[in-house]
Amino acid sequence: MQGQAQQQAYDRGITIFSPDGRLYQVEYAREAVKRGTASIGVRTSEGVVLAADKRSRSPLMEPTSVEKIHKADDHIGIASAGHVADARQLIDFARRQAQVNRLRYGEPIGIETLTKTITDHIQQYTQVGGARPFGVALLIGGIENGTPRLYETDPSGTPYEWKAVSIGADRGDLQDYLEENYREDLTLDEGIGLALRAIASTNDDELDAGGVDVGTVSGETEAFVELTNDEISEYIAENDLEPSEDEDEGGDETAE
Amino acid sequence: MQGQAQQQAYDRGITIFSPDGRLYQVEYAREAVKRGTASIGVRTSEGVVLAADKRSRSPLMEPTSVEKIHKADDHIGIASAGHVADARQLIDFARRQAQVNRLRYGEPIGIETLTKTITDHIQQYTQVGGARPFGVALLIGGIENGTPRLYETDPSGTPYEWKAVSIGADRGDLQDYLEENYREDLTLDEGIGLALRAIASTNDDELDAGGVDVGTVSGETEAFVELTNDEISEYIAENDLEPSEDEDEGGDETAE
Amino acid sequence: MQGQAQQQAYDRGITIFSPDGRLYQVEYAREAVKRGTASIGVRTSEGVVLAADKRSRSPLMEPTSVEKIHKADDHIGIASAGHVADARQLIDFARRQAQVNRLRYGEPIGIETLTKTITDHIQQYTQVGGARPFGVALLIGGIENGTPRLYETDPSGTPYEWKAVSIGADRGDLQDYLEENYREDLTLDEGIGLALRAIASTNDDELDAGGVDVGTVSGETEAFVELTNDEISEYIAENDLEPSEDEDEGGDETAE
Amino acid sequence: MQGQAQQQAYDRGITIFSPDGRLYQVEYAREAVKRGTASIGVRTSEGVVLAADKRSRSPLMEPTSVEKIHKADDHIGIASAGHVADARQLIDFARRQAQVNRLRYGEPIGIETLTKTITDHIQQYTQVGGARPFGVALLIGGIENGTPRLYETDPSGTPYEWKAVSIGADRGDLQDYLEENYREDLTLDEGIGLALRAIASTNDDELDAGGVDVGTVSGETEAFVELTNDEISEYIAENDLEPSEDEDEGGDETAE
Amino acid sequence: MQGQAQQQAYDRGITIFSPDGRLYQVEYAREAVKRGTASIGVRTSEGVVLAADKRSRSPLMEPTSVEKIHKADDHIGIASAGHVADARQLIDFARRQAQVNRLRYGEPIGIETLTKTITDHIQQYTQVGGARPFGVALLIGGIENGTPRLYETDPSGTPYEWKAVSIGADRGDLQDYLEENYREDLTLDEGIGLALRAIASTNDDELDAGGVDVGTVSGETEAFVELTNDEISEYIAENDLEPSEDEDEGGDETAE
Amino acid sequence: MQGQAQQQAYDRGITIFSPDGRLYQVEYAREAVKRGTASIGVRTSEGVVLAADKRSRSPLMEPTSVEKIHKADDHIGIASAGHVADARQLIDFARRQAQVNRLRYGEPIGIETLTKTITDHIQQYTQVGGARPFGVALLIGGIENGTPRLYETDPSGTPYEWKAVSIGADRGDLQDYLEENYREDLTLDEGIGLALRAIASTNDDELDAGGVDVGTVSGETEAFVELTNDEISEYIAENDLEPSEDEDEGGDETAE
Amino acid sequence: MQGQAQQQAYDRGITIFSPDGRLYQVEYAREAVKRGTASIGVRTSEGVVLAADKRSRSPLMEPTSVEKIHKADDHIGIASAGHVADARQLIDFARRQAQVNRLRYGEPIGIETLTKTITDHIQQYTQVGGARPFGVALLIGGIENGTPRLYETDPSGTPYEWKAVSIGADRGDLQDYLEENYREDLTLDEGIGLALRAIASTNDDELDAGGVDVGTVSGETEAFVELTNDEISEYIAENDLEPSEDEDEGGDETAE
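Residue numbers (the UniProt record's numbering), protein chains in the order written: chain A, 1 to 256; chain B, 1 to 256; chain C, 1 to 256; chain D, 1 to 256; chain E, 1 to 256; chain F, 1 to 256; chain G, 1 to 256.
Honestly, the hints are just simulated from the structure, not real lab data.
Check before you lean on any hint, since a few could be wrong.
As the list claims (entries may be wrong) - Straight-line Cα separation of at most 30 angstroms, DSS-like style, residue types lysine-lysine; simulated pairs:
| id | chain 1 | residue 1 | chain 2 | residue 2 |
| --- | --- | --- | --- | --- |
| 1 | A | Lys34 | A | Lys116 |
| 2 | B | Lys116 | A | Lys71 |
| 3 | F | Lys116 | A | Lys71 |
| 4 | D | Lys71 | C | Lys116 |
Owing to the predicted nature of the structure, the values given are computational and were not obtained by experimental measurement.
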């Protein structure tokens, strides 16, 4: 109870340290990320795979309206988890940065460069007053000089580079699953399969093509591509993940 | 009681996260939406239907003065639920965006584009300090490249695309009603009937032409049209929804 | 008591939602309106009537100094109830808008247009921090394209159109009185009589010419006119409302 | 005690409404006015009289240094009661407005126009945050088109027109005295006598020429004139108000 | 104790009224003035005398470093009491105003004009948020059109004109002393003697030349002059105020 | 418990002193530094060594993504400990300052000059409101006029020059280790060995090449160089620090 | 305990007065000064001596990195005590002011002029909101027109001129020591000896050349000079202050 009272004191001040050197608002923003359904990134030898769990909440909602995989530039895809409206702000920011880079230097923006421009932007919202942190994490995947790269941004504004990673709900279980099943020499196809099986692993090993989005950037084409429902269905079938019945609602209303 | 005390701590700080990653002011703004009478959107094979429950509070009030269906552009209508004055701000914002699009690109704004411009605007009021969130939800319906589209915006700034949806009071019951009765191959006429029956379903299956507004954007004309009282009366009669007596006041004074 | 404590929490934050989706500061501003003496608007077949109860507080105060009926433009009158100094701000705002309209478009401003410009202005004070809401309601009456129009604005910034309406003290009783006695085919003279009898109804059916202001905009002249004391006395006599003795002080010092 | 706690909540927020629609800071500013010694205005058939009780606190203080009657323009005098430093701000504001009017329109400013410009200025300090209300009331007297006019401004920014009025300490008693003894056909001389007797009435019917300031604007000269000590002594003698001994200190140190 | 709690509520809000119409921050700033050692002003028939008690705290401190008498312009001296650093701000402000007057109008600034420019500046710090009031009082003495004038400013921004006055510590006793011993026909020499004896009266009738500053503006020369230590010693001897032993430290560290 | 309550009072106000003259937010920011894994700087006779403990948290995370050693300019390296996102801000600031110096003066920036520009920047965040202090410490090492220099910055904005120093976790033990083992005549190779053995000393004297970053600026080349994993492995082997098994996770998620 | 609660109320509001007229934040900033090790200034007949106790905390820290004596201009030195990072801000401010004076007037800035420019700058941080006061005191020594001058600035922004003075830890004892041993006819050499013996007096009469900084401005050269370690050692030897063993750590980490 005392701990609770103490914590409350730090809730109200957005950008201040607690006596043990923590930023509570940033940690609470991480909770907003956890409230969203999971997104997964897998770096394979042939390219990067982004997959997002977006189990539709209502049969009347357009499944495409729950956007968790976004094209940031020709060669870059971004998957998000957490507060949807915040994600849109960062995606827009990323797209503008990518465009500016093409205009200014006549070449596609580097994956690491884009990631760090975004995390610097996020950091400002954790240090300067008058706004709250972003309640969203991103996976930024693309090809840079022919090499697949996969980055994560978190609400503190820290960039991380990964071979395979999940953000959002069930991160602990999903990360364990990825560690057990990841191999650096995966093909892009195998990467898609790994991502889908990981998502299904938190759902009785079942998956519905409408309940998941998949995007890839292959090293060959250097182009971000979103898979069609039919393509996803094929992968689901190949991986024996067909659901036996409809999904329930999942996650928070504004956090995907 | 403790929970209550804790919650209060987050009421005062507009744009901060709670320890479990929620934004209370946004959730309270959703309550303001629920205090308004319902609005319903139905996407049919022939166009989009918007209908709004506006049961007049006083026989001396002009029924037309309670505006819940608005024309945003020639090809786009918007229905609102919640804080009326806030709704007007967003409608004005939408109209300006639509005009700017025509001036800048010489063509009508896309329904999705308009929706996301509005939700980005709404999001700003949930992250940057010095203002409260918008206490209103919108249904944005129109024709884009010949195809009917129907979107919802909520106080968090999240955009959703729907086949049929309700905002405002009784969303749970109305959404159930729509799920049971919606078919994708509805004609525009059938869509109007479905919307009116849904609204009536929360009111002993009775409806008064003066107590409901209906607007449509048909795929043929690509034009937003508001139905006259006579036209609405005809639909009410066709659907056996005539009231046996006058309506009481309903809803909050500033929330429709 | 708990409820009270909870309410206090929302008093201090001007522009935030309560857990049930209400804006307390706006509701308290409505109380400021109720503290003012009543104003009444009646839309007749021949024009609009505005009447205001302004029972003078002291025999030494100039009755004309308590202004509750104002000319906004040649064809528009405005009656107010609530915080007097706030009313003056909105009346000035209305006059500037009307002038700008004449300068810009060479024609008188529409009644609905003016009303909504005012309510949008009022809304800003309920959403953006750094100021309190306006503690005043207005009745805006005038002729638009030959048709009498009567609007109300409230502290939330919501516009309403009415056939007959009262703002300020005793709204419940006065509205009942109007509902019982209003007819759409009233002449302007009958409208004046109805307004005066309504005001008198809350005062033992007595009225003093110095204690009431009356303004009209007739459809014929399209001109706002304030009645002289003699004219008002005639109407009082015609309606058998002469007082038997002097009025006491009434209402709040700064709320009319 | 509960009432007190509740009140405290509203003290801290300058520009917010209490649940019963009151603005406590404005009401407290009125208390600051009451802490000042009284000023009195009397409109006579021949002009306006302003008189101010300024009982000097120390024999070493220059009586003229306690300024309560000010010249705003050739034809306008202003008497104040309350916070002295605040009064000076408003007097300076009034003088600038009067000068601007002469420069812009080549004619003296109207008394009502000046009053309302001042009250609009005062109102801003009650609605917009970042400052406290003015803790002072003014009496503005002058000749407009040959007619004497007398206005009061209060801390809420409400303008009132009066035949005779007092501001500051003992308003209740003084207003009663004025109501009993005022006649519209008073000469300017009789008006001065009435004002002095009123002030003396709260002080055992005694008055010292050094303890009171008197200014007049006669309809004939249309010029604001301050009476000399000798002239005031004559009026005191004529009205049998000579003191039998020296006055004590009175009022608040910064409120006159 | 309740009174204390209530008072605390007003401490935090700099520029707000208490329920009884007081501005606590201004009253606390007056306490800062009282913490400073006294300054005294005496207006004689031949000019103005300013004297300041500055009993040095340490034998190693340069007595001249404790500045309490300042030259504002050729014909104006200013004595201060209270927060030293605040005094410097106002003295600088006064000097700039005096210079601007000479540049703009080619003549020395009037004593009353300068005083009121300073008090208007002080008032702003009591009404507008974001800063605290000035914790200092000033005595402004000089010759205007051949006549000696002596003004006081206090933390509320109120100007007072005096024949003789003290600010800072022991004001009650000193003012009594001055009232008993002041005569309007004092010579400048007698005025200096009165000021020194007054200061000595609060210190066992003893005074040290290093512990007091004296400045004069004589009507003949119209020039501000600071007395040398030798001159002060002579006056001390003439008035039998030689100390028998050294002074102790006195007053607050930053308040003189 | 009382102490705790008192401390809380200072947590909320970012830039204020406690009664004993401390700035709690700065002290809490130092705790954020301690939450990060250690970085070590060693100044040798031949150049400067920077080493950072970055024990990877997950086998799937790219070890290079945890950046703790940064190149600020050709001749300057910076090691950080604490909040990663904050470190990035300061590193960017340092790089811009170095570039500006080359552009403006045509020569490399001095190590002391760069350090003090950074600490002045950090100090601003501890004095001016509206932001929190930086939760990071830096070690800035380089060659200036042929001489190796090693500086530390802390969250208060104080610069320190060191012969050998550690920041982050285990500073007490590491500093003791360095004091016991440092010699001014170390070669660059010996300096690298000392740094690695120091880091290993807090970890059972074991180290993994992937779990540590090493950078040097030799006096000969005046160039900042990061060691490859192979080079680090060699040093680890030479110093008998090979780990017997994998490292666990260490430190805070956003603090390195 | 009550006193403590009351004090807390004033901690949070940076720039407000307490009921007894004190500025707590300024007093707490003085505590920050006391947390720093002492600096001493001695004005001799031949020039000014500045000496600073800087007992190094760690054998690995460069003694020169703890800067407590700074050159502000050719003829001015400044010693500081308190918050190191704050001191740097004021030193930079002083250097800019000195440079501006040379550019603008072509001559070196006066010692008093520079001191008062600095104290006016410090005062602003105690009156205007949005920042905390400076937690540092300065001794400013130099030659002005051939005469040695020695000034002190404190966190309130008050300037003092001294013959000999100490700031920082042990001010009470050190000031007593100086009062007992100071003579106005000291030579510069004797002044250095006095300063060193004073510092040693708080440390068992022992001193280490690396633990103290000494700077002088002689009247002959009018140039600020810092003594080398060897020179200091000689003075220590001459004054019999050689330490028998190493010093422990002393003072606060960021306060010197």
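Taking the hints in turn, this is what the structure says about them:
1. A/Lys34 to A/Lys116: Holds: A/Lys34 and A/Lys116 sit about 22 angstroms apart, inside 30 angstroms.
2. B/Lys116 to A/Lys71: Satisfied, since the Cα-Cα distance of roughly 16 angstroms is no more than 30 angstroms.
3. F/Lys116 to A/Lys71: violated (43 angstroms)
4. D/Lys71 to C/Lys116: Violated. D/Lys71 to C/Lys116 sits at ~43 angstroms, over the 30 angstroms cutoff.
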